[in-house]
Amino acid sequence: MGETTTQSSPIGARVPMVDAVDKVTGAGKYADDLTLPGMLVGKILHSPHAHARIRSMDTSAAERLPGVRAVVTGAETPVKYGILPVGHDETIFCVDKVRYIGDNVAAVAAESEAIAEHALRLIRVDYEVLPAYFDPEQSMQAETNLIHDDRPHNIEREYHHHFGNVEEGFAQADYIRQDRFDCPEVTHAALEPHSTLARYDAEDGTLTVWSSTQVPYYLKKTLAATLQMPEEKVRVIKPLVGGGFGGKSEVIPLELAAAVLARKAGAPVKITYTREEVFLANRGRPRQIVELKTGVTRQGKLTAVEARIIQDGGAYCGYGVVTILYSGQLLNAMYDIPNVKFDGYRVLTNKPACGAMRGHGTVNTRFAFEQQLNRIASVLGLDPVEIRRRNLLHPPCVTLNNLRVLSYGYPECIDRVVERSGWKEKYGKLPYGKGIGFAGSHYVSGAANPIIRSAMPQSTVNLSVDRQGGVTIFTGASEIGQGSDTVQVQVVAAELGLPLEQVRIVAADTARTPVDLGSYSSRVTFMAGNAAIAAARDAKRRMLQAVARAYGVAEEDLLMEGGRVLGRNGCPLSLTLAEAARLAAGPAGVLTARGSYNTPEESRGGTFKGAGVGPSPAYSYSAQAVEVTVDPETGRVTVDRIVVAHDCGKAINPMNVEGQVIGSVWMGLGQALQEVVDYENGRIKNAGLLEYRTASTLESPPVETILVESNDPEGPFGAKEAGEGSLAATIPALTHAIYDAVGVWIDTLPVTPERILRALQEKQQAEWKSPGTGARM
Amino acid sequence: MSLPSFEVVRPRTLEGALEELERHGPDAQMIAGGTDLVPSLKQGLFSPRVLVDLKGVRELDFIRFDREAGLELGALTTITRLAQSPVVAEYFPVLQAAAKTVASPLLRNMGTLGGNLCLDTRCLYYNQSAFWRESLGYCLKKEGTVCHVAPGSSVCWAVFSGDTAPALMTLAATVRLASPRGEREIPLRELYVNDGWVRLTKRHDEILTAVRIPLSSAGWKGTYKKLRIRNSIDYPLAGVAVAMRWASDGVCQDVRIALTAVNPAPRLVEAAARLKGKRYDPSLVDEVAHEAIRTAKPLRTSASTMEYRRHMVRVFVRRALNEVWANGPHC
Ligand SMILES: Cc1cc2nc3c(=O)[nH]c(=O)nc-3n(C[C@H](O)[C@H](O)[C@H](O)COP(=O)(O)OP(=O)(O)OC[C@H]3O[C@@H](n4cnc5c(N)ncnc54)[C@H](O)[C@@H]3O)c2cc1C
Numbered sequence: 123m124g125e126t127t128t129q130s131s132p133i134g135a136r137v138p139m140v141d142a143v144d145k146v147t148g149a150g151k152y153a154d155d156l157t158l159p160g161m162l163v164g165k166i167l168h169s170p171h172a173h174a175r176i177r178s179m180d181t182s183a184a185e186r187l188p189g190v191r192a193v194v195t196g197a198e199t200p201v202k203y204g205i206l207p208v209g210h211d212e213t214i215f216c217v218d219k220v221r222y223i224g225d226n227v228a229a230v231a232a233e234s235e236a237i238a239e240h241a242l243r244l245i246r247v248d249y250e251v252l253p254a255y256f257d258p259e260q261s262m263q264a265e266t267n268l269i270h271d272d273r274p275h276n277i278e279r280e281y282h283h284h285f286g287n288v289e290e291g292f293a294q295a296d297y298i299r300q301d302r303f304d305c306p307e308v309t310h311a312a313l314e315p316h317s318t319l320a321r322y323d324a325e326d327g328t329l330t331v332w333s334s335t336q337v338p339y340y341l342k343k344t345l346a347a348t349l350q351m352p353e354e355k356v357r358v359i360k361p362l363v364g365g366g367f368g369g370k371s372e373v374i375p376l377e378l379a380a381a382v383l384a385r386k387a388g389a390p391v392k393i394t395y396t397r398e399e400v401f402l403a404n405r406g407r408p409r410q411i412v413e414l415k416t417g418v419t420r421q422g423k424l425t426a427v428e429a430r431i432i433q434d435g436g437a438y439c440g441y442g443v444v445t446i447l448y449s450g451q452l453l454n455a456m457y458d459i460p461n462v463k464f465d466g467y468r469v470l471t472n473k474p475a476c477g478a479m480r481g482h483g484t485v486n487t488r489f490a491f492e493q494q495l496n497r498i499a500s501v502l503g504l505d506p507v508e509i510r511r512r513n514l515l516h517p518p519c520v521t522l523n524n525l526r527v528l529s530y531g532y533p534e535c536i537d538r539v540v541e542r543s544g545w546k547e548k549y550g551k552l553p554y555g556k557g558i559g560f561a562g563s564h565y566v567s568g569a570a571n572p573i574i575r576s577a578m579p580q581s582t583v584n585l586s587v588d589r590q591g592g593v594t595i596f597t598g599a600s601e602i603g604q605g606s607d608t609v610q611v612q613v614v615a616a617e618l619g620l621p622l623e624q625v626r627i628v629a630a631d632t633a634r635t636p637v638d639l640g641s642y643s644s645r646v647t648f649m650a651g652n653a654a655i656a657a658a659r660d661a662k663r664r665m666l667q668a669v670a671r672a673y674g675v676a677e678e679d680l681l682m683e684g685g686r687v688l689g690r691n692g693c694p695l696s697l698t699l700a701e702a703a704r705l706a707a708g709p710a711g712v713l714t715a716r717g718s719y720n721t722p723e724e725s726r727g728g729t730f731k732g733a734g735v736g737p738s739p740a741y742s743y744s745a746q747a748v749e750v751t752v753d754p755e756t757g758r759v760t761v762d763r764i765v766v767a768h769d770c771g772k773a774i775n776p777m778n779v780e781g782q783v784i785g786s787v788w789m790g791l792g793q794a795l796q797e798v799v800d801y802e803n804g805r806i807k808n809a810g811l812l813e814y815r816t817a818s819t820l821e822s823p824p825v826e827t828i829l830v831e832s833n834d835p836e837g838p839f840g841a842k843e844a845g846e847g848s849l850a851a852t853i854p855a856l857t858h859a860i861y862d863a864v865g866v867w868i869d870t871l872p873v874t875p876e877r878i879l880r881a882l883q884e885k886q887q888a889e890w891k892s893p894g895t896g897a898r899m
Numbered sequence: 006m007s008l009p010s011f012e013v014v015r016p017r018t019l020e021g022a023l024e025e026l027e028r029h030g031p032d033a034q035m036i037a038g039g040t041d042l043v044p045s046l047k048q049g050l051f052s053p054r055v056l057v058d059l060k061g062v063r064e065l066d067f068i069r070f071d072r073e074a075g076l077e078l079g080a081l082t083t084i085t086r087l088a089q090s091p092v093v094a095e096y097f098p099v100l101q102a103a104a105k106t107v108a109s110p111l112l113r114n115m116g117t118l119g120g121n122l123c124l125d126t127r128c129l130y131y132n133q134s135a136f137w138r139e140s141l142g143y144c145l146k147k148e149g150t151v152c153h154v155a156p157g158s159s160v161c162w163a164v165f166s167g168d169t170a171p172a173l174m175t176l177a178a179t180v181r182l183a184s185p186r187g188e189r190e191i192p193l194r195e196l197y198v199n200d201g202w203v204r205l206t207k208r209h210d211e212i213l214t215a216v217r218i219p220l221s222s223a224g225w226k227g228t229y230k231k232l233r234i235r236n237s238i239d240y241p242l243a244g245v246a247v248a249m250r251w252a253s254d255g256v257c258q259d260v261r262i263a264l265t266a267v268n269p270a271p272r273l274v275e276a277a278a279r280l281k282g283k284r285y286d287p288s289l290v291d292e293v294a295h296e297a298i299r300t301a302k303p304l305r306t307s308a309s310t311m312e313y314r315r316h317m318v319r320v321f322v323r324r325a326l327n328e329v330w331a332n333g334p335h336c
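Keeping their order, the protein sequence lines are chains L and Z.
Everything in the first sequence is counted per the numbering used here, starting at 123 for the first residue and increasing by one.
Everything in the second sequence is counted per the numbering used here, starting at 6 for the first residue and increasing by one.
Accuracy of the hints is not assured; some may be wrong.
[What the hints assert, rightly or not] Simulated restraints on C-beta separations:
1. Asp458(L) - Ser158(Z): 38 to 44 Å
2. Arg246(L) - Pro156(Z): 46 to 52 Å
3. Pro156(Z) - Gly544(L): 52 to 58 Å
4. Glu723(L) - Lys47(Z): 52 to 58 Å
5. Pro253(L) - Ser158(Z): 58 to 64 Å
6. Tyr554(L) - Pro91(Z): 52 to 58 Å
7. Asn236(Z) - Ser892(L): 48 to 54 Å
8. Asn236(Z) - Lys891(L): 44 to 50 Å
9. Pro287(Z) - Tyr554(L): 57 to 63 Å
10. Arg246(L) - Glu148(Z): 28 to 34 Å
11. Lys47(Z) - His210(L): 34 to 40 Å
12. Thr328(L) - Arg28(Z): 51 to 57 Å
What the hints contain is simulated information worked out from the structure, not anything from laboratory work.
Glycine included, C-beta positions come from ideal geometry on N, C-alpha and C.
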């Protein structure tokens, strides 16, 4: 759909976000800023046990407390739900069992927070404590006390994929390497804690929910299902959202709890999580153990890859089935691997449920793969960049596991990073304690297959042009800070040849905007962007047709430019947009247009079990070089510089793309060096932003971003995803740089100073035992 | 998490503050900047009926340098003012170095010196929400009987995690404590008890009014090394303060080394005495650094491992000594 645009086109312009001013001045409203008359405060009672049967519960004392207006428990809300149709294993409140410390047992709506908290302390629950499982490898052995009765061995799902023939592949290899990587759980740490305001109107039986969500559409469906209401009676409105990163991409317990309380209390109820509750609601990136085996020829050509992956999913399925599939499926579509085997296990444990987090499912596998590739290069004496160049894909192509790749800017990403970072002058040549490392990563531009399979388009955008020429976009797409609204305004303005100021946007209100599946899997620019373009073209066509009809000219002799309809080929016509819109709308109406997007059949992947996850209409690519200083005496790593090239297809708004890429790199940096959700017997020891340590500004190095534009043939103006694909590469590039600096490989995250010191010690001991072999390769 | 309900009183004078403390007895608690206390109140670690807000007692907000008395710092001096004071920078560099590392810029603007010295001890099993502590069954420091970092221990191992105390100890600082019964002045090191639960010798109704550094400590070279994961915000996982005075020939005339965040109290390192009367000698520095580990007994009270924190005490002592001494006049 790459169409040429006029000079003043907003495509490629560095424009500030359309909601930036409201955010900066504080005029913008987030869910917790909202209030309604008579609003109550909701609080949730959480389980103190990791695994226990609820024998009985007594809420009478809480109900009697003055100021308490409603108490709800699992008995009243038994309908099961879950973001995936195959994973409906949660209820709003636990019915028979609690499955993690923090599980949701009951909730109270009261006239103040203090009363609500007091009421929670009055609820008596009699628990029968059960043995609990905290380690996924142990949990997989479980025979009794299963976390969910219908999941033998506490295995949520397992997949066994085999493409090509790895036995033959390994037979062709000159060198085979096997390593085990362990990446602990990390979480989103969005600055805005989750918050939901719910109002139930008893007279007409309607429910309105304002919530910090990435997925208003799924929230609406789940509210209707769990509250046993008709879907059309439920309205979900997404106010400003202060960061999601996947943590708001499925239905979160407070959203349902607020609604149930509001209905029972007959008054609006707001629940805002404490930071600790945000950690308990979790849905972060699961701990992942990767046993990886890779074969290569002497020249570094990959012959086979075999991965055994275990994910510690926590107590509920959530997005888990998708996460485990991504971890295997996206071994592909980056390099040309002739034989691939994947054994994946999504395992249940008695911990808060994991879910989707930026780079969903791909990050830890990518870390393992890129690290192993760098280790292989070092053993074979190959340049780490060169080994990548020898294994590139040759698009357009379809991978072994049916992923269709059309645009592929990875080779250019590699070249540009090599050039900008000074790779050739630096790698292996810096003084001891200084190092540079290299790695790549990729990500989907939206999942080709929706979560709930249906023929409905993935995104629909409505557009109105009023009689004064004002354009309004109605979109279900969810702005969560990533630039969703801005990008849609840009593409519509570009299509209609209007200044940005003339285009308004109404977004993410299920009563007013058409269905969009939400902000996850980096789908919005690609899918809602294409739908917005289609809607703008529909509007344009209607206007040109109306003008042509009214003036008796041929439609081909008209064009739209600079906010006017102009004649060409000798036709002298010149109308304003308002005039054209009035002609198209008729004497009294408003011109309305519609566009939608659905993924092409060819992009939707294969038919084997699990084939639905991984396919995307387009993939983004990233290459990175990270430079570090390692203090070999303290083990401390200072990241000095990161050069990143991201193939985003086309940067519709380069400023925004750069922000997304830098943000991804920064999250990768945190995961690499310091972030970890620290559990002890299922209890999170660092459920706060003081002890869960995202990088502060002082640890954040300069990040130089290079935008590579491969112009995807199906992307809106050629664009692909920009918000996730650069996260994963940061981690292996950083560990590679540590190797280059001090000669040790760290396969367990995060790379703490302790781990580096231990590795240095082991290396020294090994060198004493066999002198002469410890030289840096 | 809501704050528990309490009354706040705002005396304007020290006398008024003492009266309030006397009137409310054990129900009262002092608050200065509140940066330590308020999060703890939200977690239900304290439940005072009355908060005596010291911020209005302006007479406790001063920095005075006197040729006879030395440096006097009012308890309400903010950490930012301390870090930016030219007198502190010129004559007491170890104190400036430590003050600069406290928390983050915003917290330094709010936090006071008095609060920093009277900081509650910290532990992963203690600085948690009421829900969290209840689910674990509480701990020795608060409402429980078991120390989760050292089961069987009869003392609490929560760690003193202030940054300015070790620096002030290397400068032989004293603190003035005022109570309805009168005033007393004690060496800072005697303010602390090496038990995370008892923590201070200060009585409940005593206000720390001022810190005094003797003139004899002015001009000592000094530095502060702090272990943390992030270079801002984080409390110390270990902290080493070193102050030294050497003669023009480089002979060490006097030296003090103090550790923080590796014990329930900030502590002076005895082995520092071995340096007195000696010229700079790297192996002697190594020896003292090694000995310093004996003074550090960190348990699993925070994110990092005990081994690493002890290792870092040794590295920091050596680096700090090298920094203040090796670059002395002898070279
Ligand atoms: C995120 C975070 C990070 C932090 N990091 C650090 C750090 O790196 N290093 C560090 O040292 N501190 C740190 N702190 C703790 C705190 O901010 C500082 O120690 C600050 O100086 C405390 O002073 P305050 O006035 O705010 O104390 P308050 O909270 O007001 O008081 C602390 C305690 O001292 C008592 N108190 C206060 N003044 C007096 C007085 N004059 N006489 C007697 N008792 C008194 C109070 O009753 C209370 O028990 C951190 C705090 C937070 C929230």
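Against the earlier hints, flag every one the structure doesn't satisfy and list their numbers going up.
-> 1, 2, 5, 6, 7, 8, 9 and 10
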